[in-house]
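Visitor: Protein chains in written order, with our numbering: chain A, 158 to 305; chain B, 159 to 244.
Rather than coming from a laboratory, the hints here were simulated on the basis of the structure. Only true hints are included.
Here are the simulated lysine-lysine pairs, DSSO-like style, with alpha carbons at most 27 Å apart:
#1 A:281 / B:180
#2 A:281 / B:224
#3 A:294 / B:224
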Amino acid sequence: MISIQTEDFDPAAEYQRLRDSGAGTGAIATFTGLVRDSGDLSDVQGLYLEHYPGMTEQVIEGLVAEASSRWDVRQARVIHRVGRLALQDQIVFVGVCSAHRSDAFAACQFLMDALKTSAPFWKKEITASGEHWVEQKDSDVARSDAWQ
Amino acid sequence: MTADTFTVRFFARLREELDTEKLTLPAEPGLTTGAILASLAERGGAWGQLQGKQPVMIAVNQAMAKLSTEVRAGDEVAFFPPVTGG
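If we strip away everything but chain B, and leave its shape as in the complex, we get:
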């Protein structure tokens, strides 16, 4: 990862359905997690669910985040399905 990128990680059902564990994407000023989801959903196919009815949970730097959370270079963003531990 270079200084002007961030990583996106996927877990559980999302990781399997997208067949992707990790992406490295370019950071842009003012970028939010919501905008990242919208842009990934445009890839079509299984990626479309990122903007669908199924809820996607979001973490930035391993803390729960919202659609409006800003993402900066070097951040670790994670998208995952609602959790089902215990």
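Just chain A, same shape as in the assembly:
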């Protein structure tokens, strides 16, 4: 299930939902991303997140389908927040249920790496002196390409 939302989320409740999803699950891997105080700029006070409504959901559905074809994925949950976020706010959640830990870890990491380079989200860093769109990192592209 995929949610693009401005509201915060509760990782404990998301974990419980994944845990309740079926008896075949032997492993749950989750990842939560937070807003940090340094990115392209060093004095970041917050972020603004923009997305392409409609396309974003379709791209993430495609990534979940790809993960499910490569690994044993019983259930996947992706939440990405948009709009204005403050330091330490939760920005993204990926959770994967699988029969085995290796599949849960791999699918969770693949989804997160692919999200950063394929899903139409754009981050703008907000500082005391102005706002600045974040440039795509070669390291993110390399991490995503490594799954090919």
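With the hints as your guide, set chain B onto chain A.
Guide: Then chain B, alone, in the frame of chain A:
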């Protein structure tokens, strides 16, 4: 939008630098996304970057597309900077 036009949408840095969120343009037979970018770049100023060194990502009807992708009447074309989510 009429039957013989398509829309172009811009996102993030491109939307701000071009000061444009959406355009409606006439559809022509054989038109590609590459030709649309070239024609918009001719407007000069900030539009010139659409053919510059900065990479522009392209989607047609909300699916990733290439410079050679053909555009038809009623399509939704989007141009945007490389994505930076997560």
